[in-house]
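J.: Protein chains in written order, with my numbering: chain A, 75 to 452; chain B, 75 to 452; chain C, 75 to 452; chain D, 75 to 452.
Just to be clear, a hint being listed does not mean it is correct.
In the PhoX-like style, the derived pairs of lysine-lysine whose C-alpha atoms are separated by at most 20 angstroms in a straight line are [as the list claims (entries may be wrong)]:
1) B:LYS376 with C:LYS248
2) C:LYS445 with D:LYS444
3) A:LYS444 with B:LYS445
4) D:LYS359 with B:LYS376
5) A:LYS191 with A:LYS168
6) A:LYS248 with D:LYS376
7) C:LYS444 with D:LYS444
8) A:LYS376 with C:LYS191
9) B:LYS359 with D:LYS444
10) A:LYS359 with C:LYS191
11) C:LYS191 with C:LYS168
To give an idea of the interface, some chain B residues facing chain C are shown, with a C-beta separation under 8 angstroms as derived from the structure [to be verified]:
12) GLY81
13) GLU137
14) ASN330
15) GLY388
Honestly, the hints are just simulated from the structure, not real lab data.
Ideal Cβ positions, reconstructed from N, Cα and C, are used throughout, including at glycine.
There are 4 protein chains.
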Amino acid sequence: MVGGGAGSFIGAVHRMAANLDGEIELACGCFSASYENSLATGRRLFLPDSRIYASYRDMIAQEALLAEGDRMDFVAIVTPNHVHFDPAMQALDKGFHVVLDKPMTFSLDEAWQLQEKVQQTGLLLALTHTYTGYPMVKEARFRVRRGDIGKIRRIYVEYPQGWLAENVSESDNKQAGWRVDPKRSGKAGSMGDIGTHCFNLIDYITGLRAVDMCAELNAFVEGRLLDDDGAALIRYEGGAKAMLAASQVAVGEENNLSIRVYGEKGGLEWRQEEPNTLLLKWNDKPTEALRTSHGYLSAAAKHNTRTPGGHPEGYIEAFANIYRNFALTLQCRLAGETPPPEYLDFPTANDGLKGMQFIETIVAASSGDKKWTSIINR
Amino acid sequence: MVGGGAGSFIGAVHRMAANLDGEIELACGCFSASYENSLATGRRLFLPDSRIYASYRDMIAQEALLAEGDRMDFVAIVTPNHVHFDPAMQALDKGFHVVLDKPMTFSLDEAWQLQEKVQQTGLLLALTHTYTGYPMVKEARFRVRRGDIGKIRRIYVEYPQGWLAENVSESDNKQAGWRVDPKRSGKAGSMGDIGTHCFNLIDYITGLRAVDMCAELNAFVEGRLLDDDGAALIRYEGGAKAMLAASQVAVGEENNLSIRVYGEKGGLEWRQEEPNTLLLKWNDKPTEALRTSHGYLSAAAKHNTRTPGGHPEGYIEAFANIYRNFALTLQCRLAGETPPPEYLDFPTANDGLKGMQFIETIVAASSGDKKWTSIINR
Amino acid sequence: MVGGGAGSFIGAVHRMAANLDGEIELACGCFSASYENSLATGRRLFLPDSRIYASYRDMIAQEALLAEGDRMDFVAIVTPNHVHFDPAMQALDKGFHVVLDKPMTFSLDEAWQLQEKVQQTGLLLALTHTYTGYPMVKEARFRVRRGDIGKIRRIYVEYPQGWLAENVSESDNKQAGWRVDPKRSGKAGSMGDIGTHCFNLIDYITGLRAVDMCAELNAFVEGRLLDDDGAALIRYEGGAKAMLAASQVAVGEENNLSIRVYGEKGGLEWRQEEPNTLLLKWNDKPTEALRTSHGYLSAAAKHNTRTPGGHPEGYIEAFANIYRNFALTLQCRLAGETPPPEYLDFPTANDGLKGMQFIETIVAASSGDKKWTSIINR
Amino acid sequence: MVGGGAGSFIGAVHRMAANLDGEIELACGCFSASYENSLATGRRLFLPDSRIYASYRDMIAQEALLAEGDRMDFVAIVTPNHVHFDPAMQALDKGFHVVLDKPMTFSLDEAWQLQEKVQQTGLLLALTHTYTGYPMVKEARFRVRRGDIGKIRRIYVEYPQGWLAENVSESDNKQAGWRVDPKRSGKAGSMGDIGTHCFNLIDYITGLRAVDMCAELNAFVEGRLLDDDGAALIRYEGGAKAMLAASQVAVGEENNLSIRVYGEKGGLEWRQEEPNTLLLKWNDKPTEALRTSHGYLSAAAKHNTRTPGGHPEGYIEAFANIYRNFALTLQCRLAGETPPPEYLDFPTANDGLKGMQFIETIVAASSGDKKWTSIINR
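Kindly generate the complete structure, drawing on both the sequences and the hints.
T.: What follows is the structure, given as C-alpha cells:
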C-alpha cells in the first residue's frame, strides 16, 4: 500500500475493503512521506519492519526483488491526486498490478500515459469508483441495459456535500487540505473529488457517450482556489440530456449522491445514503422498490451481495466489491483461467481516463462564454 | 367564474379551494365556450340559470349592472393561458377584483398591460401560484428571510412530472391538449406550466433577484411543438446560483416539486408531495424536521394551517390559502380596514409579471449559442 | 350543527369537510352551551340570528316546525361524548338524519338504543371515523377483500400521539379537558378517543369479526383518571391475530396512526401521516407503492379522490368524503333513487356500536387477571 | 471456528466481521459435522489441513496442546442452538475465550451452567447480539441513560420478517430447517431467533429490569411445531411498559427490527433497515435526525464507526463492532492492561442468560390462562 498513514481517511477504507472477504492480505507498505508515520502505521497493521518502506520507489524496487509468492501481488495507491501517476507507472513497470484511488491522475496528460501503459503491460488496474460497487447500482445498470425503461431521455445526477462550507485549514482537516490545493488536487476541486463520481455513475449505468457540456463552477468560500460547487448540462449521443450537480458547500448534506434516469417507458432512482433500495417508476403501475439480495435481482447484483435481504450493506461492502472482483480476476489470471464477466466488473484505466476528460472539459466549459464545449479527448 | 366546465381539472380545484372556509360563495359563471356545457355545469353547482352566462363578456357586463351586494365580488378565471388576459382586463375595467390561474398571460406584453391595469385600478389580482400557499413554504420563507441559514449560495429547484411522456391526443386528455399547443399555451410548454412554479418558489422563499440564466429546453416526444422538459442555471444578485429543472416526461413522477436552499450557515429542503415537513440542515447539529401546526412555527405558517399537527393538509388547503387570504383582504377593504400582512400574503400581478419574464427569458436562453441571457424585462 | 363553538377543534373540521364539495350548506346551529358563544359563532358563519339557537333541543324542535326545503336536512353533532346520545335521539325522533362524531355515545347502553332508533326510523346516521375516508384505506379494503394478500394472519395497528404527555388543565386546552374527564369522555380515555379508530380500521379493511382480547391500559400521567395509553392482543374469527396499541403520551408523535396487515400471500401497510401511499409487500417480488389517483386503483379509491396524482390530499378531504358520501346518499333518497354502493360507503350506527363494544371490552379486559375477555355484546 | 461450513449463513458473516479490522486472523476450524465439508471450507479459507478438524472436541483438545502464540486465541461458535453449550464449555475448560451466536444455549439450564463457567474461569464470552453493535443503538443507549428523554414510560419493539411464511423444507433452505425444529432450536422458534433480539435491545438501551409478561405465540404455518409469530406485553420495574412483536410470517418484510422508546420528556426511534439514523422526538421542538459519524454524537457511537458521515455502515460493521471490542478487550488482557469501557461494550454471558430467561418465560406465558407470568429466573 502506498499512502494511508495516520490521518488518512481513504487508506483505512481500502484496508477494510481488502480485508473483508479474506481474499487479500496486506504484505507491505509505504504509508506516508514520513518514515516515522509509515513505520508506526505498518507496525500497528502487524507488518514486520522489513516490509515497511521509506518511499514507494523503494518499496516497488525492493518487492520486485523478492521471490514470487513472497512479494506483494499488487499495489494499492491511496495518496492525494498528485501522487497517483508516478507510483502507478513504477508499479506497472515492475510488473505489479495496481489498485488506484480516483481521480486516476493529476492531469489528463498523465491519464493518457497511464492508460497506455496499462494496455502495453496487460496488467490490471482497478480504480476505486466506489459507488459502482453497490449491488443496486449494478441492478440499475442491468435494467437500463436490458431496455426496461426504454430509450433514455433525461438524467439527473447530483452529489451534494456540506463539509467544505467553511474555510478549513489543513491542520484541522487533512482531508480538506489537499483537496482545495490546486498543486495536489489538480485542475478541479469538487468536480475532481465528487463530480467525477457523478459522471462515472451515468457512464456505468447507461453506457451512453457524452458529447458536450455546458457548465458553471463556483468557489463560494472566500479565498478558495478551486471550485467547491458546480453544475453542468450534458448532452449524450442519441439525444439524452443530463443535469449534473456537485457541491461541497451544501450545508447539512453528507454524501447525498443520487441518480435518476428516465427513459421512454420508465424511470429509476437510486440514492447512496439508502443504497439497498432501487426504485423503478412507471406511469401506469405502482412504483417498485427493489431491495438488495432478493431472488428477483440480476446475477450481477447477487454476486456483489454478502447477506440476506434486510441486513443493510454499505459503503465498505461496495468498496470491497471492487477489491473482491479485482482479486477474483487476479486469481483467475494466476490460475490461467478466463475470468467470468462478473469478476471483470470493476472500474479500470479506461474509466479513469474518461474521468480525467470530464474534469478537463468541465473546467474549460465553465470558463468561457461559449455555451457548449465538446468533451476534450486529449 | 370563467372556465371550469365539464372536463376541466383546475376549475373544480378553484371551487373547492374557494368553498373550504365558507368565506366565498359562487355567484355566477361562464364555465365553457359551449353554453350547453356552461349551463349544465352551473346547474350542477346550484346556480340559477339567470347567473349562468353564454360568454364571459356577457357575464362581466351583466353582473356590473347588478346592485352592489347582488353582483359578484370578484371573477375567478380558470381558462387556458390564451384566455387569461381579455377576461381579466374586462373584469378590472368594470371594477371587479380578479383571481387568475398562472401563468398570468399568454405573452409578456399582455403581462405588462395587465400589471399596469391592476396598478391603475387599485383592484386586487390574486394569481394561483398554489405552492406558495403551503404553510411549510411560508415557514421556509420566514426562516430564510430571518437569516437562519445565512447568506444564500446554492439553490436546487425541480419539478419532474411524467404524464406527458407519450403523445396524448386532446380527445383523450383535455388537460394535455391545450398545454402542448403553442396557440393556447404560449411560448413555452413545461416551463410555462411548471417551470414558472419553480422560479416563483425561489422568488417567494428567498426574495433574490434573478440576473441571468443559461438554459436548454427539450421536446422529447416526437411531434411536440413546445418544450416538455428543460433545465436552467440561474445567477442571482449577490452571487447565489440556482439550478432549475422541470420535466413532463420523467416517467413515474407525479408532481415531485422540491426546493433546497443552502446558505453559509444552514440548508433547507421542502418537497411538495410530503408538504407538511420542512427539513433544516446543519453541519454541526442534527437535521431538524419541522412539521405543520407546531407551536415553534412562525405566525405566517400558523395562519395558513387549519388542523392540529399530524392531520395532513394538502394541495387543496394550499390553494384555499390563496383564496382565503384574498378574501380576507377583500373583506378588510370592503370594511375600510387595513389588512394585516398575513392577509396580503398571496401572489399578485407582480409575481405574474415575473413569471412571464421567466418564460420569455428561458425560451430565448435556450435558443442561442450565448451562454448567459439577461432576464428580459420588457 | 350542535357544538363547534369558539375553542372547538372538530367543529371547524366538520364545517370545512361539509363545505368542500359545495353539496352542503350550513342552515342553523347551536354551537355552545353558552348562547353568547353560540350567537357569536353563528354570526361569524353568516347565519341569521333566527337560526342560531340557545339549546339543541330548541333547535331541533324549531327546525322541525319549518317547511320542508326551509328546514335543515340533517344535524351534525360535534360535542363531547356525553352530549352525543340525547341530541341524536331527539333529531331522529323529529325525522332528521344525523352526522355524529365518534365514539358514538357515552356508554354501550346508549349505543344500543341509538342503533335501534336508527333502524326503527330508517333515517341515516353517519359516524365520522375519519380515517376510513382516505382513498388508500379504501384501496386497502378493496385489495384485502379481493384476496390479493390471501387469508389474513397478523395485523399490527397503532396510534401513537404525544399531546397528553403532561398534565394539561382545561383552561389551557379545551380539547384535552373533556377527554381526560370520565364524566364527559366515558369509560375510556385514549381507547375511546383513538383506540376506537384502530379497531374500526381493522374492521373496515378486513371485515373480520373480533372474538376476544387481552389488554392492559395505563394512566401514566399522575392524577389522570382515564387511560392515556394502552395495548391489546385481539383474536379474530378464522385465526387472525391483531396487536393494537394507542398512546397519548408518546412524546413527539402527532397522529401516527398506521396499519399493517399480513396474509398468507402478501402484506400491506398504510400510514395516516403520509396517507396517499399504500404499500403492498411480497416475498418474491418488489414492494409496490400505490399512490392516490392512479388509473390502477379501485373504483372506491377513485370515487373518493379529488385531484390528479401527486397533489396530496389530506385529513380534511378524508373527512369530507364521509360528508360527501352521506350527502350523495341523502340526495338519492330525496330523489327516490337507490344509492350506488360507493355512496353508501360511510360509517354508520353499526360501526358506532362496534366501537362502543370495543371500549367496553378493552376496559374490562384490562382490569382482571383473566387473560382473554370475549367481546362484550350488550 | 466451530460451524460455518458450506450452506451456513451466519458463519460467513462471523468471518467477514472478524476480518474487517485486520485485528483477527482465522487460525483453525471445524466447520461442519461432515469432515469433507469442513475440509473443503477450511481449504477455501486458506487454512492448512493440519488446522482443519473433524470434530470440535478434537479441535479444542489439539489446539490446547499447541504452544501459546501458535494456538488459537478464542473459539467462535456459529452452529445451531443445540450445539452451543458443549463446545463453549469445552473451550472454556481448556482456557479458550469464546464468541458465541445467540441465543446462548438450547435451554435455560444450560445457560445457567455456561454463565457460571464463564464467571469461574474469568474468560471472555462474547455473544453476537448484532444489533447492539450499531453506533446509533449505542447513541440511543447513551441518550436514554443520560436522561435526555426522561423517565421511560412506553416502549415499542418489533421484528417482522416474512421468510418463513410458507412451509420450507430443509433441503431448500438450511437456515429454515433447524430453526423450525424443536430438537435443534429449543423451546421457541421466532422468539428464540428474533424475539430475543427485541428483548435484548430494550435491555441494552434502557437498562430496565423486566418483571413479568403476558404473551401469545402463534404457529401460523400448518405443521409448524414452534412459534413463527408472537406478541407480548412486558412490564418493567419502575412502571415502564413494553409491547414486543416478532413474526417470521409477515410477508414482504425483511429484517424490519425497530425500537421506539418514549419517556416523560422525549421519544426516540431507531430502525435496523436504515441504521445510520436515530430520531429524537419532542413535543415542543422539531424532531431531530441524528446520523452516524457526526461530531455531536457520544464517544460510544464514534468508537464504533469507521467512516465519515454519509457513508452508510451496515450489518457487517455492526457485527464487526462486537468482534473488534472483544478483540480489543482481549489485547488489553494479553497486555495486562485494563480495557476502557468502550472496549467492554459487547454482549456477554449475562446477556445470554437474560435471553434464555426471556425464551423460557414467553413460552410459559403463552401457554396458560394466567394473564401475567413473572420472568423465570432459573
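J.: Against each hint, give a clear statement of whether it holds in the structure.
T.: Hints and how they fare:
{"no.": "1", "hint": "B:LYS376 with C:LYS248", "result": "holds, 19 angstroms"}
{"no.": "2", "hint": "C:LYS445 with D:LYS444", "result": "holds, 6 angstroms"}
{"no.": "3", "hint": "A:LYS444 with B:LYS445", "result": "holds, 6 angstroms"}
{"no.": "4", "hint": "D:LYS359 with B:LYS376", "result": "holds, 15 angstroms"}
{"no.": "5", "hint": "A:LYS191 with A:LYS168", "result": "holds, 12 angstroms"}
{"no.": "6", "hint": "A:LYS248 with D:LYS376", "result": "holds, 19 angstroms"}
{"no.": "7", "hint": "C:LYS444 with D:LYS444", "result": "holds, 6 angstroms"}
{"no.": "8", "hint": "A:LYS376 with C:LYS191", "result": "violated, 64 angstroms"}
{"no.": "9", "hint": "B:LYS359 with D:LYS444", "result": "violated, 49 angstroms"}
{"no.": "10", "hint": "A:LYS359 with C:LYS191", "result": "violated, 46 angstroms"}
{"no.": "11", "hint": "C:LYS191 with C:LYS168", "result": "holds, 12 angstroms"}
{"no.": "12", "hint": "GLY81", "result": "violated, 13 angstroms"}
{"no.": "13", "hint": "GLU137", "result": "violated, 20 angstroms"}
{"no.": "14", "hint": "ASN330", "result": "holds, 7 angstroms"}
{"no.": "15", "hint": "GLY388", "result": "holds, 4 angstroms"}
Of the numbered hints stated above, those contradicted by the structure are hints 8, 9, 10, 12 and 13, listed in ascending order.
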